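Those protein sequence lines, which keep their order, are chains A and B. Going by my numbering, the first residue of the first sequence is number 1, and it counts up by one from there. Going by my numbering, the first residue of the second sequence is number 1, and it counts up by one from there.
Heads up, some of the hints might be wrong.
Said to hold, decoys possible - Below, computed lysine-lysine pairings styled on BS3-like, alpha-carbon distance capped at 27 Å:
{"#": "1", "chain 1": "A", "residue 1": "Lys-169", "chain 2": "B", "residue 2": "Lys-74"}
{"#": "2", "chain 1": "B", "residue 1": "Lys-93", "chain 2": "B", "residue 2": "Lys-67"}
{"#": "3", "chain 1": "B", "residue 1": "Lys-93", "chain 2": "B", "residue 2": "Lys-164"}
{"#": "4", "chain 1": "B", "residue 1": "Lys-93", "chain 2": "B", "residue 2": "Lys-137"}
{"#": "5", "chain 1": "B", "residue 1": "Lys-59", "chain 2": "A", "residue 2": "Lys-169"}
{"#": "6", "chain 1": "B", "residue 1": "Lys-137", "chain 2": "B", "residue 2": "Lys-67"}
{"#": "7", "chain 1": "B", "residue 1": "Lys-63", "chain 2": "B", "residue 2": "Lys-93"}
{"#": "8", "chain 1": "B", "residue 1": "Lys-137", "chain 2": "A", "residue 2": "Lys-169"}
{"#": "9", "chain 1": "B", "residue 1": "Lys-137", "chain 2": "B", "residue 2": "Lys-74"}
{"#": "10", "chain 1": "B", "residue 1": "Lys-74", "chain 2": "B", "residue 2": "Lys-164"}
{"#": "11", "chain 1": "B", "residue 1": "Lys-164", "chain 2": "B", "residue 2": "Lys-67"}
{"#": "12", "chain 1": "B", "residue 1": "Lys-67", "chain 2": "A", "residue 2": "Lys-169"}
{"#": "13", "chain 1": "B", "residue 1": "Lys-164", "chain 2": "B", "residue 2": "Lys-137"}
{"#": "14", "chain 1": "B", "residue 1": "Lys-93", "chain 2": "B", "residue 2": "Lys-74"}
{"#": "15", "chain 1": "A", "residue 1": "Lys-169", "chain 2": "B", "residue 2": "Lys-63"}
{"#": "16", "chain 1": "B", "residue 1": "Lys-93", "chain 2": "A", "residue 2": "Lys-169"}
{"#": "17", "chain 1": "B", "residue 1": "Lys-59", "chain 2": "B", "residue 2": "Lys-137"}
Derived from the structure by calculation, the hints contain no laboratory data. On a predicted model such as this, the values are computed, not experimentally measured, just so you know.
Here are the chains, one letter per residue:
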Amino acid sequence: MTLLDDFMVRAILAGLGVVVAAAPLGCFVVWRRMAYFGDATAHAAILGVALALAFNISIFAGVLAIALVMALTVSSLSGKGFAMDTLLGVMAHSSLAFGLVAVSFVPGVRVDLMAYLFGDILAVGRADLLVIWVGAALVMGLLYWRWSALLTATLNPDLAIASGLSPRKEQIILSLALALVVSVAIKVVGTLLIAALLLIPAASARPFARTPERMAVIATLIGIAAVCGGVEGAYVFDTPTGPTIVTVAALMFVLTNLVQTLRKG
Amino acid sequence: MSLITVEDVTVRLGGRMVLDDVSLTLEEGEIVTIVGPNGSGKSTLLRTLIGAVPPNEGKVTRKRGLKIGYVPQKLHIDPTLPLTVRRFLSLPKWVDDDAAHAALEEAGAGHLCNHQMTDLSGGQFQRALLARALLTKPDLLILDEATQGLDQPGSADFYGQIEKLRQDRGMAVLMVSHELHVVMATSDRVICLNGHVCCHGAPEHVASAPEYRALFGSGTHGALALYRHEHTHEHCDHDHNHPHSHEEHA
Chain A
1 MTLLDDFMVR AILAGLGVVV AAAPLGCFVV WRRMAYFGDA TAHAAILGVA LALAFNISIF
61 AGVLAIALVM ALTVSSLSGK GFAMDTLLGV MAHSSLAFGL VAVSFVPGVR VDLMAYLFGD
121 ILAVGRADLL VIWVGAALVM GLLYWRWSAL LTATLNPDLA IASGLSPRKE QIILSLALAL
181 VVSVAIKVVG TLLIAALLLI PAASARPFAR TPERMAVIAT LIGIAAVCGG VEGAYVFDTP
241 TGPTIVTVAA LMFVLTNLVQ TLRKG
Chain B
1 MSLITVEDVT VRLGGRMVLD DVSLTLEEGE IVTIVGPNGS GKSTLLRTLI GAVPPNEGKV
61 TRKRGLKIGY VPQKLHIDPT LPLTVRRFLS LPKWVDDDAA HAALEEAGAG HLCNHQMTDL
121 SGGQFQRALL ARALLTKPDL LILDEATQGL DQPGSADFYG QIEKLRQDRG MAVLMVSHEL
181 HVVMATSDRV ICLNGHVCCH GAPEHVASAP EYRALFGSGT HGALALYRHE HTHEHCDHDH
241 NHPHSHEEHA
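If we strip away everything but chain A, and leave its shape as in the complex, we get (with noise of 0.2 Å):
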């Protein structure tokens, strides 16, 4: 086990084990027009770094514990007939601040709000990367299960209910899945920047991608590429390491659009 005495070798493992979750993942979010509400539930996170602080919980299962509650609400909330657009940058927001407010409350913790803002990818320990390896394998395995269903239910509500599907289950499968990824990313790349990680990727990936299944793969293809490059560039660089790792995939989105641009003449 030297190998993970390395902090850059486990700086790189936590990276992959939460893209290969949010890659796949963000392609739902990017399918169902729910990039909002991927901020909306990552910003959330903030008030649940505040919660197991103030209640000396895990910060995993705070995060996990808040960020399921918001994604259930707002999934629950959506097709209500309220504006969505509007009601996700009202809770997005709000979250954060109450969450921010929240922190300052905690009595005698002095507390490194850029970690959770951004993220602390070098000072992940062994038992982090396990817990964010084992709610990624949950992630993957959630999506593989339920990928049929999920997609049907993307594609026409009423095409999974005439299949026998339930579009409502699949949402809430998806709002699980999201909860996982966020309380597993806050350590990687921080509440304001885990959107990107589900996003970037899944759009970078679009233009090569002519099927569901292929785009998921190159999504994770990409966003692995954008770990490796990104850790390795914060080295080199002495930039910091989380948003080093979104400027790397935001490039490859750049490049990747730009050669579809120019194949299509």
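On the provided structure of chain A, position chain B as indicated by the hints.
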């Protein structure tokens, strides 16, 4: 046993009464067409039948294990979702290549297998939807304005295909249409809907019913003759068994 029984179903959407005390049954192997003006609740009725809209009052009973092939009126595919026709056919259950090709041929879309769904024309799209619906080997095929966007020969062709499918497979078909004169030849029964069931029965009965004419005018009646000649079905006991209170709706 009937495939679907609808008893006194009332549906309100956003406070508006969309379906008012609607009752109907669908039997095995019959082709039933629902006609009605815009906003008469046709699509809502279909969505109630498949279970997508729970009725506020009344009851929808589906035969146990009933397999429904549903072809929606519109299907928006988000441009971010890459989807070939072949992949679309395998939703939600994986089908092998032979079955996929056979269904596409049957739906008259054999050459479209590798196209992206978003690249299809209106008619091609409807055929891809039909092929997918057929792959589940449905007992009941539900078509919601399947021919909108098709010209008249195109839609006559489409309905011809539906009737052939019914003959080959013995499945029941329920469809919604504006074009009574086109579907006449294919339908065993017609239900005229305007929130409530205005009138129903054999196509020629409905076409000449005062309730139908009040909704659609008598203009369409002239066109019927042109399309009637192929029609050789027996019509026996499709009498009215609904009280008529349509005058105020007409």
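Checked hints:
| no. | hint | in the structure |
| --- | --- | --- |
| 1 | A:Lys-169 to B:Lys-74 | holds (23 Å) |
| 2 | B:Lys-93 to B:Lys-67 | holds (13 Å) |
| 3 | B:Lys-93 to B:Lys-164 | holds (25 Å) |
| 4 | B:Lys-93 to B:Lys-137 | holds (12 Å) |
| 5 | B:Lys-59 to A:Lys-169 | holds (23 Å) |
| 6 | B:Lys-137 to B:Lys-67 | holds (7 Å) |
| 7 | B:Lys-63 to B:Lys-93 | holds (21 Å) |
| 8 | B:Lys-137 to A:Lys-169 | holds (25 Å) |
| 9 | B:Lys-137 to B:Lys-74 | holds (22 Å) |
| 10 | B:Lys-74 to B:Lys-164 | holds (24 Å) |
| 11 | B:Lys-164 to B:Lys-67 | holds (19 Å) |
| 12 | B:Lys-67 to A:Lys-169 | holds (20 Å) |
| 13 | B:Lys-164 to B:Lys-137 | holds (15 Å) |
| 14 | B:Lys-93 to B:Lys-74 | holds (21 Å) |
| 15 | A:Lys-169 to B:Lys-63 | holds (23 Å) |
| 16 | B:Lys-93 to A:Lys-169 | holds (18 Å) |
| 17 | B:Lys-59 to B:Lys-137 | holds (26 Å) |
Comparing the model with each numbered hint stated earlier shows that all of them hold.
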